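Engineer: From just these sequences and the hints, can you work out the full model?
First to last, the sequence lines map onto chains A and B.
Taken in order, the first sequence gives residues 1 to 113; the numbers are from the numbering used here.
Taken in order, the second sequence gives residues 1 to 112; the numbers are from the numbering used here.
If you're looking for bench data, these hints aren't it; they were derived computationally from the structure.
Remember, it's a predicted structure, so these values are computed and weren't measured experimentally.
Glycine included, C-beta positions come from ideal geometry on N, C-alpha and C.
The list that follows gives simulated cross-link-like pairs (lysine-lysine, BS3-like), each with its CA atoms no further than 25 Å apart:
id, chain 1, residue 1, chain 2, residue 2
1, B, K100, A, K5
2, A, K100, B, K100
3, B, K71, A, K100
Some chain A residues well away from chain B (every beta-carbon gap over 12 Å; in silico):
id, residue
4, Q14
5, M29
6, D55
7, E58
8, G60
9, R61
10, T63
11, F65
12, K71
13, P79
14, G83
15, D84
16, P113
One-letter residues, chain by chain:
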Amino acid sequence: DQQVKQNSPSLSVQEGRISILNCDYTNSMFDYFLWYKKYPAEGPTFLISISSIKDKNEDGRFTVFLNKSAKHLSLHIVPSQPGDSAVYFCAAGPGFGNEKLTFGTGTRLTIIP
Amino acid sequence: DGGITQSPKYLFRKEGQNVTLSCEQNLNHDAMYWYRQDPGQGLRLIYYSQIVNDFQKGDIAEGYSVSREKKESFPLTVTSAQKNPTAFYLCASSWSANEKLFFGSGTQLSVL
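Structural biologist: Structure follows, in structure tokens:
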């Protein structure tokens, strides 16, 4: 049972345009959400997080939106840059505690120059 | 440079053999974790340790063992009881269980 789903295995976006990566979850107990980014031959690195008390969190070019009623999370990257080409994982958990996180399968983002 | 080092990058296991994956961190983090990634699946937690000399089973601990004798080291042994060991293994650490994870670059384990 995949409680965190990233239904798009891959996404291609022109440089300078907006990239939108989506994540859906099924567990209504999840209230803490994160995005990690992974380059080839490297481990994932933390990108941005949001808790359920907010519906938006921004960090520079990256914004995460949370729609609790739809159990949907999205990551917006504006403007997209070639260095953003990577695999993006979303993760969710019932409160804080890394041992409780459930990870999605990842979306490979390719930025086209 | 501070970080997490996993070795080796590639490892092959023969049937019935135990193998140990190394994970070392110099970030002074208290918590360490082992994850497994299979094609088409998200990361799944094998074991975690929030403090030296203590560790807990994750979601898929069967066939694996760990030790945490030193703060900086958290080796994972894949035993012969793990019938499907071929996967990509990631080690991670964090200041505490509530802080963001820092990952190593992973070890690909394959069965000969």
